[in-house]
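Build the full structure now, drawing on both the sequences and the hints.
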Amino acid sequence: MFANILVATHGTPGAQRAEQLAARLAGDWGARLTVLSVVNADWSLMTGDDWLNSSATRNHFADYVEAEIDREMRAVWERIREQIAPLDPAFVRRVGPLEQSITDAARETGADLIVVGTRQQRQAPGFRARLDDRLLHPELPCPLLVAP
Amino acid sequence: MAHGELDRPGCAPVWIVSVIMLAYAALVQSGAVTDALKYLHVHKEMDTMVILGYVGGILGVVTGVLLNARRDKAITNFDTFVINTIPGILFIVLLAMTIRWFAEPLVVIASKGLEGAFGFSMYKVLNLNYVVLGILVGIIITNTWGIPHFAASGVKTARFVLKMGVILLGARYSFAELAKLGMTSVWMIGFFVLGTVFMVLWLGRIFNQPKSMSGVLSAGMGVCGVSATVACAPVVRARCSEMAYTIGTILGFGVLCMFAFPTIGKIVGMTPTQFGAWAGTGILNSAQVAAACLAYNAVDIKTLKVGEIFNITRVLFLPVIVLVLAMWYGREVGQKLSFKEVVIDKFPLFILGFLLLFLMSSVGLFSPPSHYKGKYLDFSYSQRTEVTPEELEVVKGAVAQGVPGLHMEEAEALSDLAHQRQLAGNFADKDNSAVYDTTARKRMDALESILARAKGKEIAISAELKSAVNHAVKQVHKKSKTIVALTDAMMWFFAYGLIGLGMQITRKAIAQAGSWPLAIGLISGVTKATLSFLVVILFVKEVVLK
Chain Z
1 MFANILVATH
11 GTPGAQRAEQ
21 LAARLAGDWG
31 ARLTVLSVVN
41 ADWSLMTGDD
51 WLNSSATRNH
61 FADYVEAEID
71 REMRAVWERI
81 REQIAPLDPA
91 FVRRVGPLEQ
101 SITDAARETG
111 ADLIVVGTRQ
121 QRQAPGFRAR
131 LDDRLLHPEL
141 PCPLLVAP
Chain W
1 MAHGELDRPG
11 CAPVWIVSVI
21 MLAYAALVQS
31 GAVTDALKYL
41 HVHKEMDTMV
51 ILGYVGGILG
61 VVTGVLLNAR
71 RDKAITNFDT
81 FVINTIPGIL
91 FIVLLAMTIR
101 WFAEPLVVIA
111 SKGLEGAFGF
121 SMYKVLNLNY
131 VVLGILVGII
141 ITNTWGIPHF
151 AASGVKTARF
161 VLKMGVILLG
171 ARYSFAELAK
181 LGMTSVWMIG
191 FFVLGTVFMV
201 LWLGRIFNQP
211 KSMSGVLSAG
221 MGVCGVSATV
231 ACAPVVRARC
241 SEMAYTIGTI
251 LGFGVLCMFA
261 FPTIGKIVGM
271 TPTQFGAWAG
281 TGILNSAQVA
291 AACLAYNAVD
301 IKTLKVGEIF
311 NITRVLFLPV
321 IVLVLAMWYG
331 REVGQKLSFK
341 EVVIDKFPLF
351 ILGFLLLFLM
361 SSVGLFSPPS
371 HYKGKYLDFS
381 YSQRTEVTPE
391 ELEVVKGAVA
401 QGVPGLHMEE
411 AEALSDLAHQ
421 RQLAGNFADK
431 DNSAVYDTTA
441 RKRMDALESI
451 LARAKGKEIA
461 ISAELKSAVN
471 HAVKQVHKKS
481 KTIVALTDAM
491 MWFFAYGLIG
501 LGMQITRKAI
511 AQAGSWPLAI
521 GLISGVTKAT
531 LSFLVVILFV
541 KEVVLK
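Protein chains in written order, with the UniProt record's numbering: chain Z, 1 to 148; chain W, 1 to 546.
Keep in mind the hints are simulated off the structure, nothing from the lab.
Small disclaimer: the values here were computed from a predicted structure and weren't measured.
Wrong hints could be hidden among the right ones.
Far from chain Z, by Cβ distances over 12 Å, these chain W residues were calculated [stated by the list, open to error]:
#	residue
1	Tyr39
2	Arg71
3	Asn77
4	Glu115
5	Ile206
6	Val230
7	Val235
8	Glu242
9	Ile250
10	Asn311
11	Asp345
12	Tyr376
13	Leu377
14	Ala513
According to the in silico footprint, chain W covers these stretches of chain Z (three or more CB under 8 Å from chain W) [to be verified]:
#	stretch
15	21-31
16	87-94
Idealized CB from N, CA, C, for every residue including glycine.
As structure tokens, then:
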């Protein structure tokens, strides 16, 4: 039915359900599966009101955060790769606002279905940012499936 | 993430800012808005308005021309560090001018008008002076429309300008003050910084938090907020979520403290020394210490001087805490860091600038011997030479009720103090320095006469009125014109820096606070603020400040 599925995940329990649903659908339909991870652009705001450190220390912090995000993202990808090895998914990484990153990635990969997790009542540990439906829906280039 | 390149800002906003500044300077110079400025009670700073307006406007025009000329050329270091930053610098200067000369006076007028309806003065309770308003405007801009693209590069200069403000402050300390305050601050900061660090580490164990979480939170809550988090996170190998929790907690708690501390300090009647010591110890972020001290008293810089000494002492503890955490964390994971990485790289170099200015001032480089301690009188208009808002109320009350036994010249001088808020000549004579100074000196003699007669029990005045008059007289005793110029520049640097800093405080960053780190942060932060309050009230006495 769908030939090219994009699943957006940051590895939280809700997102893992989206991964599983997307993998099952890709398996059933023989669709190509792309796993998208978004680095939240708001990390650039997190040095906050630091004014004491030198630019060297601030850059060191920025490098460290980038490395940490990269490490956490690779761990998520590794887990997915092991879980759905036969599907041989592609992995995409983007930096920016969540909604914009998902729709841009869907266009670039030619996705005909986007799968995301549901809004969880209690957010999992990590950077606190949730998809805003009002920003996402008008930009969608293809159907959106929300994994229960 | 923080390495993002900023491309060239647009020309149109620079032209708009320049035209506004030039037009404003021309309007003020022409005298067309003098009545409005008198109504707002900022007419005494008309000279500064004209100079800032023209300088900013011309700089903006030159920048606009350069931006246009270099539109299609490759971006060089000159573009990145000079041309691209000027639009943002002018944007903040324009905001600072608007806030200082329009927003603050209007808030005062509105606050007085609404006093009857609310039953209290919002201006006084929330300390809504230009410093607090500047930070609020910065926070509002960044969380609503966002920092305009053309200003993004310039806003980053706020950090540098704040450091410049602290460096200039170095010229205002005497050896005696620095020795006395320095010793008190070392003891208090040492106790509370180390105490908070160990308390957070202990609470982290109680709440079963990972060592990396406790480590990064302890630095932030103990030393200097986000700055310490930025310095310590790589050392304790904090995870992304842990850094986010810590920064969110610190930012949220810090903003609350910045507003709560001055209000509490005024309610309990803290002296400048006590409040500076409390803010310098209890508030997490170093810039928020400066903001709270200026919110407490932006008229003279007594409170700021005390707060900054405590703040600088705390900043000096940063490398020590990084070292302690590196040893504490490294022992477990086998991580080794060099002395350079831990201590030398984290040493705040701008403190050397502060010490240099202090030494230059101490050897008399800015103050010729004849200008020392009151031999030089400065009657020029400046917010710095005004009495505090509280003192002004006392003087106005005394004038309204009348002080029995005052001679005519004394009563007139007191009335003029209530009218002008400072000991000065007449506004109409400001361009004729001989007449202006003669009037001011007569008023000073009259005010000193009130003090002398009150001391000799010839007349009876309240202790508050005596203190207010004494302060007004003291405010015109200055060391030298250079020091006065440095102080005025410093106040602008702080106003500028704090607006820019407000623009770094985002709702999204504060929203990261949560879970156990928030609980631990609140427990340790409130404990530190409460205990340091008690210690200050009980043990810190007033220090004579000049």
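Evaluation of the provided hints:
1. The non-interface label for Tyr39 (chain W) is consistent with chain Z: the shortest C-beta to C-beta separation is roughly 35 Å, beyond 12 Å.
2. Once the 12 Å rule is applied to beta carbons, Arg71 (chain W) is consistent with being away from chain Z; the minimum gap is 26 Å.
3. For Asn77 (chain W), the condition that its CB be more than 12 Å from all CB atoms of chain Z holds, with the nearest at approximately 14 Å.
4. Non-interface call for Glu115 (chain W) relative to chain Z: holds, since the shortest CB-CB distance, roughly 33 Å, exceeds 12 Å.
5. No Cβ of chain Z comes within 12 Å of the Cβ of Ile206 (chain W); the nearest lies about 19 Å off, and the non-interface call holds.
6. Residue placement check: Val230 (chain W) does not keep its beta carbon more than 12 Å from all beta carbons of chain Z (closest about 4 Å).
7. Look at Val235 (chain W): its CB is around 10 Å from the nearest CB on chain Z, not clear of 12 Å, so calling it non-interface is violated.
8. Distance to chain Z contradicts Glu242 (chain W) as a non-interface residue, since its nearest Cβ pair spans about 9 Å, not more than 12 Å.
9. Under the 12 Å C-beta cut-off, the non-interface status given to Ile250 (chain W) relative to chain Z is violated; the minimum distance is some 8 Å.
10. Against chain Z, the non-interface label of Asn311 (chain W) is violated: not every CB pair exceeds 12 Å, the least being about 10 Å.
11. With a closest Cβ-Cβ approach of about 6 Å to chain Z, Asp345 (chain W) is found to fall inside the 12 Å limit, against its non-interface label.
12. With a least CB separation of 34 Å from chain Z, Tyr376 (chain W) remains clear of the 12 Å interface cut-off, as annotated.
13. The non-interface label for Leu377 (chain W) is consistent with chain Z: the shortest C-beta to C-beta separation is roughly 36 Å, beyond 12 Å.
14. The claim that Ala513 (chain W) is not at the interface with chain Z is violated, since a C-beta of that chain comes within 12 Å of its own (minimum 9 Å).
15. With 0 residues having a beta carbon nearer than 8 Å to a beta carbon of chain W, the stretch 21-31 of chain Z misses the requirement of three or more and the stated coverage is violated.
16. Figure legend: the stretch 87-94 of chain Z, annotated as covered by chain W; annotation inconsistent (0 residues with Cβ-Cβ distances under 8 Å, at least 3 required).
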